[in-house]
Amino acid sequence: MWVLMLVTVLLLSACSSGGGGNTASEGEKASNEITIWAWDPSFNIAALNTAKEAYAKDHPDLKINIVENAQDSIIQKLNTGLNSGTTNGLPNIVLIEDYRAQSFLNAYPDAFKDLSSIINASDFADYKLGPTSFDGKQYGVPFDSGVTGFYYRTDLLEEAGYKAEDLQDITWDDYIQIGKDVKAKTGKDSLTLDPNDLGLIRMMIQSAGKWYSAEDGKTPDLAGNEALKEAFITYKKMMDANIVKLNSDWSQFVSAFNNGDVYSVPTGNWITPSIRQEASQSGKWAVAPLPKMAGQANSVHASNLGGSSFYVMNNVAGADEAADFLSKTFGSDEQLYQDLLNKIGAIGTYKPAAEGEAFEQADDYFGGQKIFADFAKWTQEIPSVNYGVNTYAIEDILVVEMQNFLNGKAIDDVLADAQKQAEAQLN
Amino acid sequence: MNTGDSLQKKNNLTGWAFISLAVIGIVAFYFYPMLQALLLSFKSGVGANLEFTGLDNYKRLFIDTTFRTAVSNTFLYLIIQVPVMIILGLFISVLLNDSTLRFRSFFRTAIFLPCVTSLVAYSVVFKYLFSADGMVNQFLMNLHVIAEPIQWITDPFWAKITIIIAVTWRWTGYNMIFYLSSLQNIDQSIYEAARIDGANAFTQFFKITVPLLKPIILFTSITSTIGTLQIFDEIMNITKGGPGNATMSISQYIYNLSFKYSPDFGYAATVSYSIVLMIIVLSIIQFKVAGDKNG
Chain C
1 MWVLMLVTVL LLSACSSGGG GNTASEGEKA SNEITIWAWD PSFNIAALNT
51 AKEAYAKDHP DLKINIVENA QDSIIQKLNT GLNSGTTNGL PNIVLIEDYR
101 AQSFLNAYPD AFKDLSSIIN ASDFADYKLG PTSFDGKQYG VPFDSGVTGF
151 YYRTDLLEEA GYKAEDLQDI TWDDYIQIGK DVKAKTGKDS LTLDPNDLGL
201 IRMMIQSAGK WYSAEDGKTP DLAGNEALKE AFITYKKMMD ANIVKLNSDW
251 SQFVSAFNNG DVYSVPTGNW ITPSIRQEAS QSGKWAVAPL PKMAGQANSV
301 HASNLGGSSF YVMNNVAGAD EAADFLSKTF GSDEQLYQDL LNKIGAIGTY
351 KPAAEGEAFE QADDYFGGQK IFADFAKWTQ EIPSVNYGVN TYAIEDILVV
401 EMQNFLNGKA IDDVLADAQK QAEAQLN
Chain B
1001 MNTGDSLQKK NNLTGWAFIS LAVIGIVAFY FYPMLQALLL SFKSGVGANL
1051 EFTGLDNYKR LFIDTTFRTA VSNTFLYLII QVPVMIILGL FISVLLNDST
1101 LRFRSFFRTA IFLPCVTSLV AYSVVFKYLF SADGMVNQFL MNLHVIAEPI
1151 QWITDPFWAK ITIIIAVTWR WTGYNMIFYL SSLQNIDQSI YEAARIDGAN
1201 AFTQFFKITV PLLKPIILFT SITSTIGTLQ IFDEIMNITK GGPGNATMSI
1251 SQYIYNLSFK YSPDFGYAAT VSYSIVLMII VLSIIQFKVA GDKNG
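Keeping their order, the protein sequence lines are chains C and B.
Positions 1 to 427 (my numbering) are the ones given, in order, by the first sequence.
Positions 1001 to 1295 (my numbering) are the ones given, in order, by the second sequence.
Be careful, since some hints might not be right.
[As the list claims (entries may be wrong)] Derived list of chain B stretches under chain C, where covered just means 3 residues or more per stretch with a C-beta under 8 Å from a C-beta of chain C: (1) 1058–1066; (2) 1151–1163; (3) 1261–1269.
[Claimed, not checked] Take a look, some chain C residues computed to stay more than 10 Å from chain B by CB distance: (4) 72; (5) 106; (6) 249.
Since the hints were made in silico from the structure, they are not lab data.
We put the CB at the ideal spot given by N, CA and C, even for glycine.
In isolation and in its complexed conformation, chain C is listed as follows (with noise of 0.2 Å):
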C-alpha cells in the first residue's frame, strides 16, 4: 500500500516537473496562431476585433482567437496557470487591470515578456507607466483611459436652479451642496454607490497625487494619509446628507441612472456606453470635469478608475508573433485609435493619437458637447501614482473600516487601525 502511494506520487511529481520542463522552450518556438483574453464584449473585445482587422490587411497569415472571459475568471486561470508552473491553456495576450498589474509583475517574475523595445513607452500617458512597468522594464501595452469626468443630466440640473457654468472647478464639498438642492428641488438623489467598492475614494485621492500605500507600492500610507482622510469625511457628508442610492452589483448600478434616479455619476469615462443605453434620456446627459477635493492644495479636476493594458506571456509558443501584433496595433497604429473612438468611444492613452478627427466630433447624447476632446485634455492632467501590490487587499480593510466610520468611530481611530491591520496582514 505505502509503497504504491510513494510510487504513484513519484510518478505524479515527475510528470509535473517534465511538463514545466517542455513549456519552456516552447515560448522560442514560432506559431502562426495566436489567442487573447479580455473580458468586455462591447469594448476591449471590440476593440481587440478593430485591431485584428487592422493588422490582418498586412500579416493575413495570423490566426488571433479573441476570447472573451470574465475578468474574474482571468485573474484565477492565470494565477493557478502560472502557480502551478505549467503554461498549458495559457494564452498569448491577456488584459490586465492596472490595479492589479503590479501584484501579477511581483509574484510571477518570468512569465511576461519584457516589451521594452517592442513599444515606445514615453508614447503612452506617464500615469499609465507606473502600473505597467516594473524593475525599470515596460511589460504591457497600456490600453484604455480609466480617465474621470462628472456626468450629470442637464435637465434635472436646471430644474433645481443650475447652469453648467456652475460645475467647471467645484469641490466635493460643492457637489454635495448641489446634491441636496436638486433632492429638495426634484426628489432625485446624486448618485449612487455599492459600498463594498470604494472605486469613488480611489478617484478622489489619486486626483491629490495619492494612494493606499507609499510610492514604493507596499508600504501602507492610511494612518497619516490626509487625501484619504478627507475622502473618507466627504464620503460620509454624502451618506448623511441623505442624496446617495446604494447597489449592490453593476446593472443595479446601471439602472439607477437609466431609470433616472439618479441625477450624475461621477466615474470612468468606460461608462459612457451604458450611459448612451438608455436612448429616451438622449440630449439630456452632459460631462463635467470631477470635482476636486477642498482641503488638497495638489488636488486636480482630474483623476482615474480602472483602465487596463495588454501583456504577452513569456512561455507560450508564439510570444514574438504577439508582441508583433501588439506593437504594430496598439503601439503604433494612430488611425486605429480614431477607429476605436469612432465605433467604440474607447479612449486610448497613446498620445500621439490624442488629436484628430475622432476626438472632435460633437455628440448629440451629450448635448452636442465634445466630450472625447474633453475626456482626452483631462487624461493629461490625471496625476501619476504606485498603485502597488496590494491595492484590493487594503481596500477590503478600508471597506471594513469606512462601515465603522459611518457608525460613529473617529476617524484618526479609523485610519489607525486600518494601518495597523494592513501592517499586519501584508507581506
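Assemble the complex: chain C is given as a structure, and chain B must be docked to it using the hints.
Then chain B, alone, in the frame of chain C:
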C-alpha cells in the same frame, strides 16, 4: 508454505488488483493534493515566489482580524442555520409522512426542488428578490409591514439574514428527504400501541419519532455542519462578503487571499487547514453528544 497460504496470497493479490485503480485515483487526486496543501501552508510569499516560513502563517491566523470576522460569521451561520434546517426538515417530514394528507408527493417535490437548482442560479435569483427595489420589499410594503424598503443586501445585519434565509430555502428539503425515508422504516404498530396507551401527537413525536431518527439526525447535522463551514457560493453571489466583511465566510476569505488580493497561496492553504481542523473537532463533539456509545 502450504496450499492454503498461497491461495490466501492469491486472493489477496486479486483483491489488490481490483482496488488498485481506485487506490491510485484516491492517492493521486486526494492524498497527494492534501499533502501538497499541507506543505504549502508552511510557505509564504506572492504567487510563485514561495519560501518556507515555518509556522509564520499559523501565527498570522491568530492576529488576523479578517480571519476572525470570517470565522465568527461562519459560526453564526452554523449556530442559526443547522438547528433551523434540522428542526424545520424534521417538522415538515413528519407532516408529509401523514398518510391521510392529500397531494403528498406534490408537497414533497415542491420542498425538495430547491436542492436540485444550481447554487449560482438560485443565489442570483435571491439577490434580485432581496434587492432594495426587489419583490420581497415590494410585497412587504404592499402589506404595510414596513414603510421604508429594507436594505437586505447593503445593510450588515440584514445581509446576514438574507444569506440565512437563502441557505435555509436551498437545503431544508435535502435534510427532509433523509428524514422521510427513515420515517418509512418506523413500524406503524409502534405508533398504534402508543395511541392505545393514550399518547398524543406531541408525545409520539418526542418519545418515538425523534429517538428512532437519532442516527439520521446525527448524520444530517454533521453533513449540514460541514456544508455550512464551507459555505461559499451564496455569499460570493449574493453579497460578495459585504457590506464591509459583514457576511464574509472562511471559504470566501480563502478565495480572496488566492485571487482577489496579491495571490498568497501559502496563507490560503493555512486558512483551508483551519477549516479541516474545525470540521474534525465539531464532528467529534457531535458524535460524543448525540452518537451511541459505540458510534
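Hints, verified against the model:
1. Given a C-beta distance limit of less than 8 Å, the hint that chain C covers the stretch 1058–1066 of chain B holds, as 5 residues qualify and 3 suffice.
2. Taking a C-beta to C-beta cut-off of 8 Å, the stretch 1151–1163 of chain B contributes 4 residues in contact with chain C, enough for the three needed, and the coverage statement holds.
3. Evaluation of the coverage hint for the stretch 1261–1269 of chain B: fulfilled, as 5 residues show C-beta separations to chain C shorter than 8 Å, against a requirement of three.
4. Once the 10 Å rule is applied to beta carbons, residue 72/C is inconsistent with being away from chain B; the minimum gap is 7 Å.
5. Once the 10 Å rule is applied to beta carbons, residue 106/C is inconsistent with being away from chain B; the minimum gap is 6 Å.
6. The non-interface label for residue 249/C is inconsistent with chain B: the shortest C-beta to C-beta separation is roughly 7 Å, within 10 Å.
The structure fails to meet hints 4, 5 and 6 from the earlier list, while all remaining hints are met.
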